[in-house]
Amino acid sequence: MKEFSYTIKDEIGIHARPAGNLVKLIKGFSSSVTIEKQGKPPINATALMKLMGLGVKCGDTVKFTVEGDDEDAAVKSIEQFMNSNL
Amino acid sequence: MDYNKCASEILSAIGGKDNLASAAHCATRLRLVIADNEKVEKSVLEDIDGVKGVFEAQGQLQIIIGTGTVNKVYDEFIKLAGVEASSKDDVKKAAAAKAPWYKRAIKTLGDIFVPIIPAIVATGLLCGLLGGLSKAFPEMADSQFYTLLDMFSNAALTFLPILIAVSAAKIFGANIYLGAVIGMIMIHPNLINAWSVGDGTDLPVLWSWGFWDVHATGYQGHVIPVVIAVLLLSIIEKWLHKKVPEMFDLFVTPLVSVLVTGFLTMTVIGPVFSQIESWVLSGAQWLISIPFGIGSFLMGAAYAPTVVAGVHHMYNAIELSMIADNGKNIWMPIATAANVGQGAAALAVALKTRNKKTKSMALPASLSAFMGITEPAIFGVNVRYVKPLIAGMAGGACGAAVASIMNVYATANGVTGIFGFLITTESVAGYALTFAVSTAVAFILSWMLYKDPAEETAPAAEPAQEPASEPEVKPADSYDDSCVYSPLKGKAVLMADVPDETFASDVLGMGAAVEPAEGKVVAPADGEVSTLFDTHHAIGLTLDNGMEMLIHIGINTVELGGEGYTAHVSEGDKVTRGQTLITFDIPLIKSKGYPVITPVIITNADEYTDIRKAGCDEVTYLDKLIETAR
Numbered sequence: 001m002k003e004f005s006y007t008i009k010d011e012i013g014i015h016a017r018p019a020g021n022l023v024k025l026i027k028g029f030s031s032s033v034t035i036e037k038q039g040k041p042p043i044n045a046t047a048l049m050k051l052m053g054l055g056v057k058c059g060d061t062v063k064f065t066v067e068g069d070d071e072d073a074a075v076k077s078i079e080q081f082m083n084s085n086l
Numbered sequence: 001m002d003y004n005k006c007a008s009e010i011l012s013a014i015g016g017k018d019n020l021a022s023a024a025h026c027a028t029r030l031r032l033v034i035a036d037n038e039k040v041e042k043s044v045l046e047d048i049d050g051v052k053g054v055f056e057a058q059g060q061l062q063i064i065i066g067t068g069t070v071n072k073v074y075d076e077f078i079k080l081a082g083v084e085a086s087s088k089d090d091v092k093k094a095a096a097a098k099a100p101w102y103k104r105a106i107k108t109l110g111d112i113f114v115p116i117i118p119a120i121v122a123t124g125l126l127c128g129l130l131g132g133l134s135k136a137f138p139e140m141a142d143s144q145f146y147t148l149l150d151m152f153s154n155a156a157l158t159f160l161p162i163l164i165a166v167s168a169a170k171i172f173g174a175n176i177y178l179g180a181v182i183g184m185i186m187i188h189p190n191l192i193n194a195w196s197v198g199d200g201t202d203l204p205v206l207w208s209w210g211f212w213d214v215h216a217t218g219y220q221g222h223v224i225p226v227v228i229a230v231l232l233l234s235i236i237e238k239w240l241h242k243k244v245p246e247m248f249d250l251f252v253t254p255l256v257s258v259l260v261t262g263f264l265t266m267t268v269i270g271p272v273f274s275q276i277e278s279w280v281l282s283g284a285q286w287l288i289s290i291p292f293g294i295g296s297f298l299m300g301a302a303y304a305p306t307v308v309a310g311v312h313h314m315y316n317a318i319e320l321s322m323i324a325d326n327g328k329n330i331w332m333p334i335a336t337a338a339n340v341g342q343g344a345a346a347l348a349v350a351l352k353t354r355n356k357k358t359k360s361m362a363l364p365a366s367l368s369a370f371m372g373i374t375e376p377a378i379f380g381v382n383v384r385y386v387k388p389l390i391a392g393m394a395g396g397a398c399g400a401a402v403a404s405i406m407n408v409y410a411t412a413n414g415v416t417g418i419f420g421f422l423i424t425t426e427s428v429a430g431y432a433l434t435f436a437v438s439t440a441v442a443f444i445l446s447w448m449l450y451k452d453p454a455e456e457t458a459p460a461a462e463p464a465q466e467p468a469s470e471p472e473v474k475p476a477d478s479y480d481d482s483c484v485y486s487p488l489k490g491k492a493v494l495m496a497d498v499p500d501e502t503f504a505s506d507v508l509g510m511g512a513a514v515e516p517a518e519g520k521v522v523a524p525a526d527g528e529v530s531t532l533f534d535t536h537h538a539i540g541l542t543l544d545n546g547m548e549m550l551i552h553i554g555i556n557t558v559e560l561g562g563e564g565y566t567a568h569v570s571e572g573d574k575v576t577r578g579q580t581l582i583t584f585d586i587p588l589i590k591s592k593g594y595p596v597i598t599p600v601i602i603t604n605a606d607e608y609t610d611i612r613k614a615g616c617d618e619v620t621y622l623d624k625l626i627e628t629a630r
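Those protein sequence lines, which keep their order, are chains A and B. Residue numbering for the first sequence follows the working numbering, starting at 1 and increasing by one per position. Residue numbering for the second sequence follows the working numbering, starting at 1 and increasing by one per position.
Hints should not be assumed to be uniformly reliable.
To be verified - Taking lysine-lysine pairs in the PhoX-like style, the calculated list, with each CA pair at most 20 Å apart, reads:
# : chain 1 : residue 1 : chain 2 : residue 2
1 : B       : K107      : B       : K359
2 : A       : K27       : B       : K42
3 : B       : K359      : A       : K24
Everything labelled a hint here was simulated from the structure, so no lab data went into it. Please read these numbers as outputs of a predicted model, since none were measured by experiment.
Looking at chain A on its own, in the form it has when it is part of the complex (with noise of 0.2 Å):
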């Protein structure tokens, strides 16, 4: 199992594009990955009303908690995906 957190730069924040991308980049991992915002339950990464109803802004922490096989390769995806996009 592996975690880390990212603090969003982003002005708009986690919105429907960037969530819809997010959710395709996941999905093509067989891990499963959670996404915690400060002061929320953990949801699953892949559940993109979840993730929007997060309503995540710029300057808001998200943990993110990746587990399975192919765990080492998912979170360095995710954080490239986040540095460029959000």
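With chain A's structure known, arrange chain B on it following the hints.
Only chain B this time, still in chain A's reference frame:
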């Protein structure tokens, strides 16, 4: 894989058998109704060997196991849980199984026929029109255009067994492609077309056993033999699925299923039916020889049931021999009386019913029957509700008696119904009266007898089937229940045509988009607001039917920061169908340079087998926008 182990692990992960309300399965998933969802350990479930995924939908805990294995796990599961006898689902099914066999058979027949009605209506109407036109303008029949149209018009009827076989395979839970193959075998071009078979003698022999010859006759236009053949296929296929080891299943089961079904169909079902057909033929010939209209009366009543049984294909042999004999075809008016009787009975249903689906089916079916193509009316409407069938038979009987007493005859054959006037020029008045009497009697009786069944939709969704152990099969008409009704008014467009890669490539899910004409979004169905963006440019709904939906007003409009949008609900609100969710200012949004096109997206698209835009262009609020199937 160890089915017993998998089943027992699932049972413990869902909190034991006390926490289980009912269990069923479909082609790939266990569908469990859980008493207390808190006790379900989802993460444990997902880790069980053999479980490919877990989610909740439609009030069920659905555990994806996979084709071919889910039924085996299910069998072990219900043994362990001991739910079969007591679950609600089984009680319902057991109740359905208590209905008399003929009622279940009739319902199944209707379920099979309903999905293919559009095909039959389209070509049936064309067929009737062409038949009529070619009798009115004989020179037209020689034109190349006619040849072309003729091909269009008889394609569906010529290949009817394939359509029936596919639909029946769906209902019976057989592989639909194997079903299609059985249909194809039955009308293989190497067989003689059933419509061109005269009186049953001198047919080429397909296979001789010395004491019994199998004739090479096709099944064009047949219904019942095809349904029986596919039923047989489904039984054989399911039995093999259980017995054949998984690794051989993929090639052994289809091969053996088709081989055995094809063999039995051609050598047993076929000959039995052609024997019955020739009995029906002699019976019909004897009947109409009874004088004073009595024989015709009886034949007029019996005609429709012979269509139901699919043994009416040799009637044109009667017509041809009459024309050859003295030029007077007295059979055709009887057929007309029977056909328009069924049409009028279906028309009464169409006008009386309050069920939109029944209405939209009965109306074209009735029209087609008046033109002489009765299958849609008989199978799609009248047989389902039985009473209209009887009303139609009564109309047919009375009309046929009139025809006989008035000495109505046709000078040719090939058309009935409205276009029959063209070949009854010698006795127009009598033919008109035949037509009128049959229509009136059938219509009035059907109007008086027909009542909308109390629970039409619920039983229609559950085709007659053996309890529990068979896969859950939905007839194709379940589409209507699963439609998305438009939350906006405007022009419906394909998602692929939305000018934004993220939406067009279905990253967020599947659906359709609306180019709005008014700045208002309403709830497409009852449900809950699961997400409302602060900027009010998009809203997520979880509908009561399990569908998760995102309505995204405009492209990149998150950047407007809420300007131009007003929300009328907040997150967590329960909403009802038609309730206003968001209003927005189209001119303002456009003036800021953003497209206002609004994708309506089903975000849990993975749970559906099919999602597509409905066939509409201009939609208003709550018009059908998207069709789905699970």
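Each hint tested on the structure:
1. B:K107 x B:K359: Answer holds: B:K107 to B:K359 is near 18 Å, not above 20 Å.
2. A:K27 x B:K42: The given pair, whose Cα atoms are some 18 Å apart, holds under the 20 Å limit.
3. B:K359 x A:K24: Since the Cα atoms of B:K359 and A:K24 sit roughly 43 Å apart, the hinted pair is violated (cutoff 20 Å).
Hint 3 from the list above is the single one not met by this structure.
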